[in-house]
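Novice: Quick mapping for you: the protein sequence lines, in order, are chains E and H. Per this note's numbering, the very first residue in the first sequence carries number 126; after that it's consecutive. Per this note's numbering, the very first residue in the second sequence carries number 59; after that it's consecutive.
It should be emphasised that the hints constitute simulated quantities derived from the structure, not laboratory data. It cannot be assumed that every hint is accurate.
As the list claims (entries may be wrong) - Computed list of lysine-lysine pairs in DSS-like fashion (alpha-carbon distance at most 25 Å, straight line): (1) H/K96 - H/K122; (2) H/K96 - E/K141; (3) H/K240 - E/K141.
From a predicted model like this one, the values you see are computed outputs, not experimental measurements.
The primary structure of each chain is shown beneath.
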Amino acid sequence: MNERDDVAIDDALVNKAQQLFDESVNGLDGATRSRLNRGRQAALSEVSGGARRFNQWIRAGGVAAAAIALMVVWSGNQELDIPQVPEVATDMEILLDEDSLEMIEDLEFYSWIDLDGDLEPVSNVG
Amino acid sequence: MNAYAATFTVSCKAEDRREVVTLQREARLNRFFVDVEKRALRIAEISIRDRDEALDLVQDAMIKFACNYAGRPDAEWTPLFYRILQNRIRDWQRRQAVKNKVMVFFERGTGEDDYDPIAAAPDTAGRSPDQELQNEEVMEGLQGALVALSGRQREAFMLRMFEGLNVAGTAVAMGCSEGSVKTHYSRAVHSLRETLGEHWQ
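Based on the provided sequences and hints, a complete structural model is requested.
Specialist: See below:
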C-alpha cells in the first residue's frame, strides 16, 4: 500500500466520521433541543441583565449629578441674596482710616484751632 | 440650568445607544449559539458520554462566554467558545475521576425505564428504524474509538473535523501551538484508522 492509498483511506475515514457526526447532530431529539434553547436563553439573559444593571448605575449617576447641580445652583443664589453693606459701615471705614485716628487723638487741638478761628482779630477790638 | 438639562439629555441618548448596542450584540450572540450549540453538545457528549452533563457543560460555557467574551471580535468567537467548553470538559473529567475513586459502590440510576414521548416521536428525517439502528451502531463504534484516543488527540480531531475549525482556530481552542494541533490530529487519524479501518473500508 503506497502513500496515496494511505491518504485516500484517511480521507474516507474522516468523511465518514463527519457524515455520522452531522447525522447525530441533526438527529437530536426535541427534549435535548429544548434544553439547549433554555441554556441559550439563560446565557443571553446574563448579557441583558448585565447591561440593565450598568444602565441602572448610569441612571442613578445621572440623577445624583442633577441633584448636585441643583444644589450648586441653589447655593449660588443664596450668596447673591446677602444684604447690601449699610452706609454706617462706610462711615466706620472713614473713621477707622489712619488719618482719622490721628485727628481723633488731637481732637483738643483741632477744637482750639476751630475756636480760635471764631474769635475776632485783636486789632478790631476796642 | 439649560446646560445641566442638555448634559442630562446627552446622557439619556448615550444610554439609548448602549441599549441598542446591547440588543444587537444579543441578537448576534443568539445566532452564534444557535449555530454552534448542537455540535458543541455532541462534542461534549462524546467526550464525557453523558448527555445531561454535556448539556450542563454547554450551558455553562455559553454563560461564561456571554459574560466575558461577547465583546471580542466575532471571528474569535468560535475558538474562544470551544476553549471554554474544552476547559469545562477537562474539569468535569478530573472531578469525575476523583468522584469515581471515592464513590466506588455508588450507582446512579440511569432512568432508562422512564418513557419520554419526545424521544419516542417518529424521526423527522424519514429514516427507517433499521437505518437508525445501523447508524447508531456505527456512531457508537466511532464514539468508542474517539474515547479511546488521548484527550488532546480527541480534541484536535473533533474540533478540526466536527466543528470545522482551521489549525489556528483549533490551537486557540486547545490552548496550544499550531504544530501541536497538527501532531495530535495526525496521530488521532492514525489511531482511528487502526481501530475502525477494517470495518469502515
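Novice: All hints are to be evaluated individually against the structure, with a verdict given for each.
Specialist: Consistency of the hints with the structure:
With a C-alpha separation of about 17 Å, the suggested pairing of H/K96 with H/K122 holds against the 25 Å cut-off. For the suggested pair H/K96 and E/K141, the alpha carbons sit about 19 Å apart, so the restraint of at most 25 Å is met. Distance restraint check for H/K240 and E/K141: the Cα-Cα separation of roughly 20 Å lies within the 25 Å cut-off, and the hinted pair is therefore satisfied.
No hint from the list above goes unmet by this structure.
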